[in-house]
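Read off the chains here:
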Amino acid sequence: MRPVLYVLSFLAVLALGFWAYRENYTTQAALRDVTALQDEIAGIRESLAVQRAEWAYLNRPERLRDLATLNFDRLGLLPMEPAQFGSAQQVAFPPAPIISNLDIASPQSVSGSLDVAAAEQTP
Amino acid sequence: MTRTPLRPLARILHARSTGENPDSIERENLRLRHEVMRDKARGRAQLRLVVLALCFFSAFTVIGARMGTMAASVPEEPRTASAGTEIEASRADILDRHGRILATNMTTHALYVQTRDLVDPARVAKELAAIFPELDEATLLRRFTDGRSFLWVRKVLSPEQMQKVHEIGDPGLLFGPREMRLYPNGTLAAHVLGGASFGAEGVDSAEVIGTAGLEKFMDQRLRDPAQAGTPLVTSLDLTVQASVEDVLASGITMMNAKGGAAILMDVKTGEILALAAGPTFDPNDRPNNPTSGEPSDSPLFNRAVQGIYELGSTFKIFAAAQAIDLGLVTPETLVDANAPMRYGKFTIKEFENHNYGPMATVADIIAKSSNVGTAHIAMMIGGERQQAFLKSLGLFDASPVELVEAKGAKPLRPTRWPEIVTITAAYGHGVSGSPLNLATAYATIANGGIKVTPTLLKRTEPMKGARVMKKETALMAVSMMRRVVTEGTASLADVPGYAVAGKTGTAEKPKRGGGYDHEKVVNTFASVFPANDPKYVLVVTLDEPVETTGPKPRRTAGWTAVPVAAEIIRRAAPLLGLRPQVEPQPLDGLTAVKQ
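Residue numbers (our numbering), protein chains in the order written: chain A, 227 to 349; chain B, 99 to 693.
Hints are computed from structural coordinates only; laboratory data are not their basis. All C-beta atoms, glycine included, are put in the ideal place defined by N, C-alpha and C. Hints should not be assumed to be uniformly reliable.
Sample of chain B residues at the chain A side, in silico, Cβ under 7 angstroms [to be verified]:
id: 1; residue: Asn119
id: 2; residue: Leu271
id: 3; residue: Pro282
id: 4; residue: Pro672
id: 5; residue: Leu674
One-sided and incomplete, this derived list gives chain A residues near chain B with beta-carbon spacing under 8 angstroms [said to hold, decoys possible]:
id: 6; residue: Ala241
id: 7; residue: Val276
id: 8; residue: Glu288
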């Protein structure tokens with residue numbers, strides 16, 4: 227009985243040694259991966275910061291003002307004025323839906339399209 | 099193990115035959131056996147002690163060795179920890195109130211030289227001088243060859259410059275990574291942000307420290323590694339700040355002024371939405387501090403905070419408000435305004451020797467900006483109460499705003515306070531303050547008499563300050579200021595829809611030798627809008643302006659600071675989302691009867 231126990235424990239030590247060896251290498255590989263990933267994250271963060279800085283630089287008020295002046299003939303942008311505030315009453319109602327797929331032959335539908343034209347004329 | 103008997107038969111028999119006591123043999127043998135047993139036990143105990151000592155020794159050796167390696171090794175971040183904010187920038191960003199970037203960091207490189215590794219110092223010096231125009235070839239070569247082993251060439255490089263240096267291809271030229279502070283908006287809010295520069299420099303990194311303004315005041319917070327990932331959110335509004343700076347700059351040019359300042363403040367929270375001073379500078383390329391001449395001639399001078407001026411007639415509203423608060427007068431009370439007024443050896447006159455008297459109502463005194471009338475109101479109040487009131491408005495202390503420059507700019511006032519000072523202080527002469535002090539005091543009035551503390555950091559809750567005056571008094575003061583715009587000295591500030599209320603102030607600058615310089619004035623317009631429900635305070639100050647469109651040059655605030663302020667309100671109010679309103683008109687006789 228005893229020799230069997232000895233052999234078994236020797237085998238167990240061997241197996242554990244093998245397991246520890248493998249774990250060691252997988253851990254090292256994982257750590258290498260993490261380092262690489264963190265480097266990548268740091269790099270991405272850095273380029274993100276640069277992009278943000280560039281976005282802010284390109285959108286600086288001075289440049290936007292110059293661009294608005296330069297493209298005035300196309301855009302016609304001017305500084306916002308108090309008179310540009312509107313009220314809800316000034317917003318037009320959406321035009322009545324145009325009925326499509328009309329049967330031209332039926333008099334019903336002709337009168338319907340006339341209504342649409344009349345509705346469009348009223349503001 | 100062979101066991102020796104205690105009573106060996108041969109010896110016992112032999113002893114018996116010789117008549118000896120056989121028991122002594124047994125005792126002798128027992129003694130010998132005990133001795134053997136004792137030796138064995140001692141040996142085992144000694145072995146155990148040695149083993150234990152070995153265990154302790156190795157344990158302490160391991161601990162000691164580990165401590166030694168930890169102390170001697172370079173600190174390293176735990177690699178298995180999740181990548182969080184710890185790999186963030188070293189200095190926190192500064193944002194405006196809507197999250198737009200005012201200051202951020204950028205990675206760049208510094209250039210240094212290991213002279214021992216230089217292959218051809220003469221060629222390197224020549225090519226470096228060709229890339230960087232500010233470097234001198236002869237100086238570089240001298241520094242490369244004077245025996246030093248290491249020297250910095252440039253603190254920051256652009257990627258193009260770095261590529262060119264790479265192309266020189268000398269092994270002695272090396273790059274160190276750097277985080278540099280970047281202000282993407284250029285000169286925008288330069289006086290608020292201040293600037294940053296490098297502190298202690300190493301090859302691998304350099305610390306970035308704030309040199310002025312908000313960057314220096316909040317340096318600890320911005321450098322704190324625990325908060326590096328959380329940007330500092332200021333109260334400024336980028337668009338409003340840009341418009342205010344734009345209008346102020348054209349105002350300074352049009353009014354031929356030496357400089358100017360504008361402050362726009364939210365009266366409920368004390369947040370400064372825009373703070374502009376001109377002339378300005380680029381914080382990315384901050385000029386050096388001036389070593390000679392007037393500090394105010396440098397673009398670094400922040401007129402809004404550091405400019406301590408006599409603020410003139412803008413102070414009159416404080417006298418009027420206090421007199422009303424104390425119940426001495428009402429806006430309709432008639433006060434002696436007969437000019438000129440004699441007080442001892444002093445004569446108090448009105449602007450251009452007008453006379454608004456003999457009697458005028460308090461509201462008219464403010465609207466027409468009468469010195470004599472204000473002097474009489476101040477005499478009713480008395481010096482002590484006047485001082486206490488001005489102090490409670492924060493006009494005697496340096497502004498608590500988050501700028502390093504503010505601490506050094508303490509308002510000036512006479513140490514003694516005789517009655518003549520009471521009189522002159524009432525119309526803003528003899529006491530000085532910064533435009534920010536004035537804006538804070540006006541914000542307190544506009545906030546219904548509750549003291550406002552100015553801040554450059556975003557605040558979400560309204561101010562919970564001490565009450566300085568009654569709410570009714572504050573309302574009356576604002577409506578008196580509204581009359582200054584509708585029928586008084588600030589008629590050019592009447593922006594339709596925004597019911598601007600305000601008070602003008604023109605003060606002559608003191609001359610070096612004493613007395614006042616009539617040609618050099620500081621014009622201030624302090625305004626509150628909209629008057630029926632005050633939300634914002636705007637103070638515009640122009641330094642030595644002169645308006646030359648008329649037949650003779652005009653130097654009063656009504657002609658210089660007021661139109662600039664009006665234009666700022668016209669531009670900024672819509673950006674603040676303030677809808678123009680039809681002002682409630684006072685009931686005329688007919689309407690009143692009809693109702």
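Checked hints:
1. For Asn119 (chain B), the interface hint is violated, the least distance from its beta-carbon to any beta-carbon of chain A being 50 angstroms, above 7 angstroms.
2. Interface hint at Leu271 (chain B): violated, since its Cβ lies 23 angstroms from the closest Cβ of chain A, which is beyond the 7 angstroms cut-off.
3. At about 4 angstroms, the closest approach between the beta carbon of Pro282 (chain B) and any beta carbon in chain A falls short of 7 angstroms, and the interface hint on this residue holds.
4. Nearest Cβ of chain A to the Cβ of Pro672 (chain B): about 4 angstroms, under the 7 angstroms cut. The hint holds.
5. Taking 7 angstroms as the C-beta cut-off, the interface hint given for Leu674 (chain B) is violated, the closest approach to chain A being about 10 angstroms.
6. A cut of 8 angstroms between beta carbons decides the hint on Ala241 (chain A): the least distance to chain B is about 26 angstroms, and the hint is violated.
7. Interface restraint check: Val276 (chain A) against chain B, minimum CB-CB distance 6 angstroms, threshold 8 angstroms, status holds.
8. Annotation: Glu288 (chain A) was flagged as interfacial toward chain B, and the flag holds, the nearest CB pair being 6 angstroms apart, inside 8 angstroms.
In summary, the structure is inconsistent with hints 1, 2, 5 and 6 from the numbered list given earlier, while agreeing with the others.
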